[in-house]
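Undergrad: Each chain is listed here by its residues.
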Amino acid sequence: MKEEDVIIRTVIRLMIPFIQIFGLYVIFHGGSGPGGGFQGGVILAASMILYVMAFGVTEGRRKLTEKTNMIMRSTGVLIFSGIGLLAIIFGGKYLDYGAVPLPFVHDVVKVRELLIDGGVEVGIGITVMAVMVTIFLEFYPGGTSDD
Amino acid sequence: MIWALDIAMLFFLVVAALAAISVKDLLSAVIILSLYSLIMAIVWVELRAVDVAFTEASVGAGITTVLFIFALVRTTGRSED
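Protein sequences, first through last, are from chains A and B. Read in this note's numbering, the first sequence has 112 at position 112, and its numbers run on one by one without any break. Read in this note's numbering, the second sequence has 64 at position 64, and its numbers run on one by one without any break.
Check before you lean on any hint, since a few could be wrong.
[Unchecked claim] Residues of chain A placed beyond 10 Å of chain B at every Cβ, according to the derived structure: (1) 21; (2) 77; (3) 78; (4) 93; (5) 139.
[As the list claims (entries may be wrong)] Example chain A residues on the side facing chain B (calculated, C-beta under 10 Å, incomplete): (6) 24; (7) 26; (8) 33; (9) 53; (10) 140.
Honestly, the hints are just simulated from the structure, not real lab data. Beta carbons: idealized from backbone N, C-alpha and C, even for Gly.
Just chain B, same shape as in the assembly (with noise of 0.2 Å):
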């Protein structure tokens, strides 16, 4: 356990939960929710789960973002609200 890098992870990953939740554009909130992923995946192996960081970072970053991007393609890219 390395606590500077923890509090850093935990910083981006707050960071990153925002960024994906205020910005407009749907395309970049996808790639946001993909480098959340990223960094959960890092915060899981310091927490010693090497199996759900596995998870998080196959499905979460993999194959969630490209089903979240052809969705963007069969609709629009903007948010109405």
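Isolated chain A, as found in the complex (with noise of 0.2 Å):
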């Protein structure tokens, strides 16, 4: 990229900021609301990919390095899998949220929704955030290592 283009690095680090809490609303309100996990991992992946556009492939390697994203990749199906093996483990079925105990809340609805709302969701984020990066940053010219 060229170095003289200050209105789209500026116009790109106004929006990044409103792109990423978009992102969190829609993951955060996948369970009661249109979105959910894959949507707002998307959305969170835009934020990113117009910031390697914008500066850089080395200055984006700065922001999320590639430790980072493969750790962020396993982290969200650790989070997805973990939610699903708790509900065994407290005697329900596989990613049956009602028969997870959880401090404080007792009621079963509310269990539900908090585990699909504030878990599941957010790991489905994490993981597809973190593919979709890889995927752009495997087309980006000279976005991999390899060439």
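Each chain sits in its own coordinate frame; assemble them with the hints.
TA: Structure below.
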């Protein structure tokens, strides 16, 4: 990318926080409204893609290194399957949210809402965001280390 | 359901689909495909499928376009046939 694109850089620097807030909103309201982990993760990945397109791939790699990306990719799957296995441990079926006894929350519907919106969807969002950024960086010229 | 909006959106959907497969420049085809996804998202909202519309707008019009463009950067930009 060229060095003199000041307008693009300033606008993108202003836009990225709002895009990320919107992505988090979509993730956390996935159970009760339109949206969910996948869509929110894609929106979060779009903010990272915008950053790489404006500031270059080395600057983007400094914000989200390959090691962090790899850890995030696995952490999301771990959260998802961990909540599923937690339900089995407490005597339910796989991903049977109501079976998990949370401290201070005793209503089954509330428990289910909390675990879907705050647990499973967050895991899906983290994994989708990291995988989308990885696919994008594989396509990006100079994004991979092997060329 | 606004039937005039439905008819107009479906018409533009067909026009965008035909334009995307008939244009020679592949970058133009990608941009028209992004337009197709946007119109399709409006059609999904009209069909009361807001969740699908959300996915169509973020994945179809957003990520797919970016991935297609950077796939084009790595290959040639013209269709041979």
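Undergrad: Going through the numbered hints above, which ones does this structure break? Give me the numbers in ascending order.
TA: 5 and 6
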